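Asker: Chains P and Y are the protein sequences, given in the same order. When the first sequence is numbered by my numbering, its final residue is 227 and no position is left out of the sequence of numbers. When the second sequence is numbered by my numbering, its final residue is 388 and no position is left out of the sequence of numbers.
Hints were generated in silico from the structure; no laboratory data involved. Every value quoted in this text rests on a predicted model; they were computed, and no experiment measured them. We put the CB at the ideal spot given by N, CA and C, even for glycine. Among the clues, some could well be false.
[As the list claims (entries may be wrong)] The following residues of chain P were derived to be distant from chain Y, with all beta-carbon distances above 12 Å:
no., residue
1, H25
2, W83
3, R114
4, R146
5, A167
[Stated by the list, open to error] Which bits of chain P does chain Y cover? Going by a derived footprint, with three or more residues having C-beta under 8 Å, they are:
no., segment
6, 36-42
7, 45-51
8, 121-127
9, 131-137
10, 172-180
Now for the letters of each chain:
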Amino acid sequence: MPHDHHDHDDGSHLDDMTARVMALEKLLTDKGLVDPAALDRILDTYETQVGPRNGAEVVARAWTDPDFARWLEQDATAAIHSMGFGGRQGEHLTALFNTPERHNMVVCTLCSCYPWSVLGLPPVWYKSMPYRSRAVSEPRAVLAEFGLTLPEGTAIRVWDSTAEMRYLVIPMRPAGTEGWTAEKLVPLVTRDSMIGTGLALVPDTTGPDAEGQAA
Amino acid sequence: MTAPDLAIPGTEGAEPHFFAPWQVKAFALTVALHEAGLFAWTEWAEALSARIGGAPLPQRDTPEDHATRYYLDWLGALEDLLAAKGLAEADMIGDMALTWQRAARATPHGTPIVYETGQE
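The shape of chain P in the complex, shown without the other chains:
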């Protein structure tokens, strides 16, 4: 016996946010402002092709190639572009080199600017209000939540990203990696170490298990 009207049980339910985004997509594609194929390409790029491995390759090269490290320090935008990692939002990049005296840490207090071209999509915590509001006011407490306690003699400098300027932290090269090639060093460079909420892994902790943590 068919119903004389459809209800939620036999029809599908679209939540408000889903319906609103579908409306926006239809409106913009109907107007010719967005190409549906471009949407798929963008997602493919950010979900599979761009990720923190790009940044890790930059860091590992800086650790093994002093000329490249100098270039990175002077003009990170150009040095990183030379490796094929372009900023799609047209932003400039600055490389922040950690030293025993100074640890660099990156936040975007206003929204969530992030060096997508080298790190992929930002993690949830980076976009969250607690990180954005506390990174500047109490960086040591924030780092402790990431399990990172720095020596008291190490100063912490927090850098606030903007749409025009984004930062890539170059963590210190771990001890015990003398003579390693850049390729071998790449897995030691975690995403968090390039935001400044972690350090590069030390060789003992690498291996099949540690790679999961670095992802």
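Since chain P is already given, all that's left is putting chain Y on it; use the hints.
Answerer: Only chain Y this time, still in chain P's reference frame:
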């Protein structure tokens, strides 16, 4: 500022970037419109900042709660920017969203939802 109420979500694991398909689509639409030259990324950052800046501090939410909050602001910022540029009117978006919801209610599970089904 009390730390327990403001714990940073998801510091330990590899959380997904998106927790729902609408978040993925809102992200991709924004990047596509930027790449099509309809707005500068600085304009986008200003629109997003304006939305996020007004958000109340969260309680101890899950990473999914944070992602939802963030992408709600994201979508709101996108609508703000499109309205300011005269590219998409809020009323029309609202009407079309209702049409999609009517179309969904009239479409059995497992069948593709067609926009026209929801038109009155």
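Asker: Each hint needs a verdict: does it hold in this structure or not?
Answerer: Now for the hints, and whether the structure bears them out:
1. For H25/P, the non-interface assignment is contradicted: its Cβ lies about 6 Å from the closest Cβ of chain Y, within the 12 Å cut-off.
2. Under the 12 Å C-beta cut-off, the non-interface status given to W83/P relative to chain Y holds; the minimum distance is some 25 Å.
3. With a least beta-carbon separation of about 22 Å from chain Y, R114/P lies farther than 12 Å from that chain, consistent with its non-interface assignment.
4. Not every beta carbon of chain Y lies more than 12 Å from that of R146/P, the smallest distance being close to 6 Å; the non-interface claim is violated.
5. At roughly 21 Å, the least C-beta separation between A167/P and chain Y is larger than 12 Å, which holds for a residue marked as non-interface.
6. Here's how the segment 36-42 of chain P fares: 5 of its residues keep a CB closer than 8 Å to some CB of chain Y, so the rule of at least three is met and the hint holds.
7. Judged by the Cβ-Cβ criterion of 8 Å, the segment 45-51 of chain P is covered by chain Y as claimed, because 5 of its residues qualify and three suffice.
8. Check result for the segment 121-127 of chain P against chain Y: holds, 4 residues qualifying (beta carbon to beta carbon below 8 Å, three or more required).
9. Counting residues of the segment 131-137 of chain P whose beta carbon lies closer than 8 Å to any beta carbon of chain Y gives 5, which reaches the threshold of three, so the coverage claim holds.
10. Counting residues of the segment 172-180 of chain P whose beta carbon lies closer than 8 Å to any beta carbon of chain Y gives 3, which reaches the threshold of three, so the coverage claim holds.
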